[in-house]
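Q: One letter stands for each residue in the lines below.
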Amino acid sequence: MRVVTSLLLLVALAVAVPALAGPLDTQGAAQALVCSACHGFAGQSRSNTMPILAGIAPWYFKKAISDYAAGKRPSPEMEPYAKQVLQSGVDDVAAYFAAQARTPSPVVLDAAAVARGRAASGPCTTCHGVSGKGDPSKGVPDLTGQPPGYLRNQMLLFKSDRRSPGDDQLKAIKTLMRTIPDEQLSDLAAYWSSVR
Amino acid sequence: MTQSRREFLRTSSWAGLGLLAAGCAPKVSDFAQKSGRRVVVIGGGWGGTSAAKYVRLADPSIEVILLEPNKEFVSCPFSNLVLSGVRTIESLTFNYDRLRAHGVKVLHETATMIEPDARRVRVGGDALAYDRLIVSPGVEFQWDQVDGLAAAQDRVLHAWKAGPQTVELARQLQAMPDGGVFVLTIPPAAYRCPPGPYERICQVAWYLKGNKPKSKLVVLDANPNVVSKAALFRAAWQNYPNIEYRGSNKVVKVDPGVREVTTELGDKVKYDVLNLIPPQRAGTIAVTADLVGADKRWCEVDHQTYESVKHKNIHVIGDSTIGLPVPKSGNIANAMGKICAVAVTSLLNGKPVPTMAPGNTCYSWVSDKEAIAVVNSYKIEGGKVVQIEQKLTPGQSEAWAQNAIGWANSIWADMLG
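Chains as they are written, first to last, in numbering that gives the first Met the number 0: chain A, 0 to 195; chain B, 0 to 416.
Please keep in mind that the hints were generated in silico from the structure rather than gathered at the bench. A hint or two may mislead.
Stated by the list, open to error - Derived pair list, reagent style DMTMM-like, types lysine to aspartate or glutamate, alpha-carbon separation capped at 25 Å:
no.: 1; chain 1: B; residue 1: 390; chain 2: A; residue 2: 134
no.: 2; chain 1: B; residue 1: 368; chain 2: A; residue 2: 160
no.: 3; chain 1: A; residue 1: 82; chain 2: B; residue 2: 388
To be verified - Which stretches of chain B does chain A cover? Using the computed rule of at least three CB atoms under 8 Å from a CB of chain A, they are:
no.: 4; region: 320-334
no.: 5; region: 368-382
no.: 6; region: 388-394
Bear in mind that the values here come from a model prediction, so they are computed numbers and not experimental data. Built from N, CA and C at the ideal position, the CB exists for glycine as well.
Same shape as in the complex, but just chain B (with noise of 0.2 Å):
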């Protein structure tokens, strides 16, 4: 499985260049004066990258700063496949070398605070002007959605930003005992990655059918039902008596101390590990710019520009947005990337904004070796994102794991390479 990121890393011809970059560690302070044109990007993820590389690529005199804490990427996609050990997650990380080989300077420091009317973000003491801003911040958790998880966050474990956590939650599966229950919740919807939740069931099901036989899965869904390719899921999940699934059962209350959590129904469920994961809604950064909704969970864009509809100059993409009929997922996001990139780049070099619509290709392994997809399609109509199509595939096969690895080396290239 490494070896398609060797391959990944392989073909890459300017590792070289990056490692050079990587040397000059730049400073924001560095940035204090703007000379020409500047985009600034906040978040390095699956929009962020994307729009960084592509306001570089559509007009190289743009000066583009990324600012993202982490110093390495890791991919949430493929993620639910280091639960049941299929990959490592070594294999699903990667720098920011080669961005910065498109020019894009990438300062791994948080963004604080957003100043529209002077156009400038804060970074700690520091700030940078801009001329446009892209914000990309992905989601936050309510931690305070269920009762007890604040005081317990650094033991109940989300790995839903892939990381650490991750590592974690896999190495806690594989010491549960053969016997034991892991209990895994989602969130109502809306929340990152629609089916997300449902491959990781596959994914732990699959580890404990082959490992750990008389242990179960026990999932209570806050959703009344699986939230997106039911169907495929479904007939998947005959593969694994081990599952025992709950929909409208949504988690309100955690008590790692007697290992229990509790439903709004007032069901008690003891756990031997637990996978909770919480309510969520857009980045800090979009809330305390004011870039939120009355909601105050989820940002609303143009469907074009991707310009807030609160602040101008200030483009959301990813998975903070609302109001488009796209999933939160990492496909779009980097669509969203790709298309506000042009339309930045567009209006600052004051052309006509092109109309161009995302699309999102969505695999969700369902064993070590099969995968099914759903693939949506979209158009612009009077100024909105309209859906074309939803095809799901008829079933699941290695045909389509296949596509999915092919998919995933190829977008992570899109974004990072």
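Excised from the complex, chain A in its bound form (with noise of 0.2 Å):
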């Protein structure tokens, strides 16, 4: 008698306890969700502007949004947002994202731009090694499966100057940026958003 009665406390407990912890129950994933109408579910941008923040290193998205918000890296889109994530949790939110699987980017390449890409990629290992992955120890960011429109405004931002100017970091990227055609950094792009 008692063993049913334990078994049917049991029933009762498992009836009455909520659900075990779903995807969304994190801080950061509920403070996440403004972010997927641009950056996709768990970050998993599928558009060709938009950068993929899942698998997005800590370091570096919280740097981004400190320096848009700052106004540093000017962007009328992405600054207020960037206030938005400082008071809603940037350490909660940074870790969600840190934590998604990050699939490359769904968009289209051509692959003889991926080939004139790859093999105009030296200057950029440089920095971002031969596997694009960046260096942290240098603030130095991953550049692999982004979407190709996205690598390629960021260069162009660069080559004018107008991704964070006075930053001294990013002197040499500007510098060497400026040395590159137009038309070279879509092959870039397209090199990079390959790379795995």
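Put the two chains together into one complex; each comes in its own frame, and the hints tell you how they fit.
A: Put into structure tokens, the structure is as follows:
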């Protein structure tokens, strides 16, 4: 009888206890919901212009948010959202995106552009490495699998000094970008987007 | 331009599953019995699709039924580009198959009544029981606010719900003789998509400038000035001398027989093509279910759960709401849908509701290639949504137009992908 009572109690408990933690139960997941309109569910952007945040290194995410919020990296779109993320908890949101497995951008690449980009990619590897995965100790981010449109836009912004003007850390890349013709930027973007 | 839509479709990994699911064609009567926990969502637009999908993402053990009469979703954002011929309506049209692949039961039916005490939605002669109801009915037009409009609904086009009217207005614009007058009338705020009419002005003026140089566009705005992004739109209009903008010109009468509208001031304006955007209120089900406030137009809600202040267990999202410092936009409806989904799931699971605020990104096309934008971010303070910041683009550019395309592809996938 006691066993039956215990079993019944267990069943009752199992019914009453809420479901196990769901995929949106963390503080970071809830605060990141506002991001998915542009960056995709779990930061898995499907568009050509918006970067993939899934699997992004927390140090890089937090630097981007801080620079956008301060207006150092000018963006009328990201400045208000960066301020929102700072208020809702940038550490939680950074941890959430870092924990998401990155699927490379689904944007279809031109094989010839990828090949031309590979041949021209030498200068990039000096800082980003042959793998393109970057080097956190030097503040160099991972380029791989990002949408080509996003990568190309960033290179154009570096070239015209419209990304983080006055940031000493970015002097070298801006000097390098000014030596590369615009057409080749598309090839480089296609190549780094293709790297896994 | 259709490439982005192809890209959107190509990225689907569930299209096959969705087609299989669509073949089943479930009926309301199949769901007469409720076994587990169930959320019913009324309206398959920006808010309703987002809410339905995210309840399933947050807790797949909850059954979700979405009621939407239309078999296809047509995006209002970007539909002004159909008028100028820059995009096709097909490039803005999507089905609900991938929502079905998330386990949402999509029924192409109209909710006819809500019974809050019995927690039931009536669909004709059938009924659906719910634990929580999410109502996202969009807007309905107040036909009676303009004399002569109710009787001429089929001839006087609003094109303010993207679909057949958008295509017909584009056809009328193209068929208008060079030298003809296109009249666009704007209702008093609040209405769906504050910058929408002004983007439409740009698209119609851009088309006329290139195709019918002797024609003009007369704008009769019930509001004293441009409601949204005023300086940016005014700057864009410098390129279109064919625009004649008249503020504080509320249209009170239409006579399609003599092709004439009359303003509150008594001015009569003749037209060759008319686009009359009527005054608006919350979707009809929100009115019949007594979810609207004393104004009989809009629904007041809790700012964190979107639960109606009038009826328990019923949540209202999207354009039908009032009281939050947010525009009636697709992006806001998407954000409300996601936040409401997490709130509803938390409540059903007996967990605290996380504090979540919406955000709004809004692009407007000022030509065939250039766009402007306004972005609003928010926080929760004292239980209420409070704006953190509003930021505008410093001007118009092709780069923001590219971002607009990226935004559209992303948010369509967030709702329906």
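Q: The structure should be examined with respect to each hint, and the outcome stated for every one.
A: These are the hints, each one checked on the structure:
no.: 1; hint: B/390 to A/134; result: 33 Å, violated
no.: 2; hint: B/368 to A/160; result: 24 Å, holds
no.: 3; hint: A/82 to B/388; result: 8 Å, holds
no.: 4; hint: 320-334; result: holds (count 3)
no.: 5; hint: 368-382; result: holds (count 6)
no.: 6; hint: 388-394; result: holds (count 6)
Of the numbered hints stated above, the single one contradicted by the structure is hint 1.
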